[in-house]
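A.B. asks: Listed here are the chains, written in short residue letters.
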Amino acid sequence: QKEVEQNSGPLSVPEGAIASLNCTYSDRGSQSFFWYRQYSGKSPELIMFIYSNGDKEDGRFTAQLNKASQYVSLLIRDSQPSDSATYLCAVFSGYSTLTFGKGTMLLVSP
Amino acid sequence: DVKVTQSSRYLVKRTGEKVFLECVQDMDHENMFWYRQDPGLGLRLIYFSYDVKMKEKGDIPEGYSVSREKKERFSLILESASTNQTSMYLCATRRDLRLYEQYFGPGTRLTVT
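Protein sequence lines correspond, in order, to chains X and W.
The opening position of the first sequence corresponds to residue 1 in our numbering, with each subsequent residue numbered one higher.
The opening position of the second sequence corresponds to residue 1 in our numbering, with each subsequent residue numbered one higher.
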């Protein structure tokens, strides 16, 4: 069974710090990887996706993928209180549907 | 921008009622999904559809059915609502099953009393 694991948190960081969110997956054949942000009571919002090994940067966000270690991470630089949310990792393994982790709660304190 | 809308933001129904949740997307995406999300259990796939009139069971299809008569519209049906179906229901769409991003609607918080 395909699994996506995330630490539930909460991960607490001060404003301006770098937040590092991690995700591991079980299916070595996984092809594409997504990070969603979900505010309390709201639906998940796609913020990053990555298909190839290495880093992908978009503004304050950097997604990192290491397929050999089956590990994907999301770095948030200059964290803001508005970044406080639950971050969901999702993995596509080639069988048509995404497998989601249960999410990591991030708290950014002013 | 992809726009995914759901018929209701909040819904309260009684046990035994038949409940319809509707999802509409405006981006001509082939694939549509219904999830439920519960604390501690994460997102769980109920059903998905990869074409009009086509459907596939997800991880937890029991107690649910779906309908897709038009490409842009995907309905989730609770045949006889039960209290354990109280949840947040999320619709999502994706252009291609193999790649590309998946976009979610705003969600329907259903309470069954």
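It cannot be assumed that every hint is accurate.
List of simulated lysine-lysine pairs, DSS-like, C-alpha gap at most 27 Å [claimed, not checked]:
hint : chain 1 : residue 1 : chain 2 : residue 2
1    : X       : K102      : W       : K70
2    : W       : K13       : X       : K42
3    : X       : K102      : W       : K57
4    : W       : K57       : X       : K42
5    : W       : K70       : W       : K57
6    : W       : K71       : X       : K42
These are computed hints drawn from the structure, not numbers from a lab.
Bear in mind that the values here come from a model prediction, so they are computed numbers and not experimental data.
A.B. asks: Is the hinted pair X:K102 and W:K70 satisfied, with a Cα-Cα distance of at most 27 Å?
C.D. replies: violated, 32 Å
A.B. asks: CA of W:K13 to CA of X:K42, is that 27 Å or under?
C.D. replies: Cα-Cα ~21 Å, so holds.
A.B. asks: Do the alpha carbons of X:K102 and W:K57 lie within 27 Å of each other, as the hint requires?
C.D. replies: Given pair X:K102, W:K57 holds - Cα atoms ~21 Å apart, limit 27 Å.
A.B. asks: Assess, step by step, whether the Cα of W:K70 is no farther than 27 Å from the Cα of W:K57, and give holds or violated.
C.D. replies: Roughly 19 Å separates the two Cα atoms, so the pair holds.
A.B. asks: Would the pair W:K57 and X:K42 pass a check requiring their Cα atoms to be no farther apart than 27 Å?
C.D. replies: Distance of about 25 Å is within 27 Å: holds.
A.B. asks: Take a quick look at whether W:K71 and X:K42 sit within 27 Å of each other, Cα to Cα.
C.D. replies: Holds, at about 25 Å.
The structure is inconsistent with hint 1 alone, although it conforms to all the rest.
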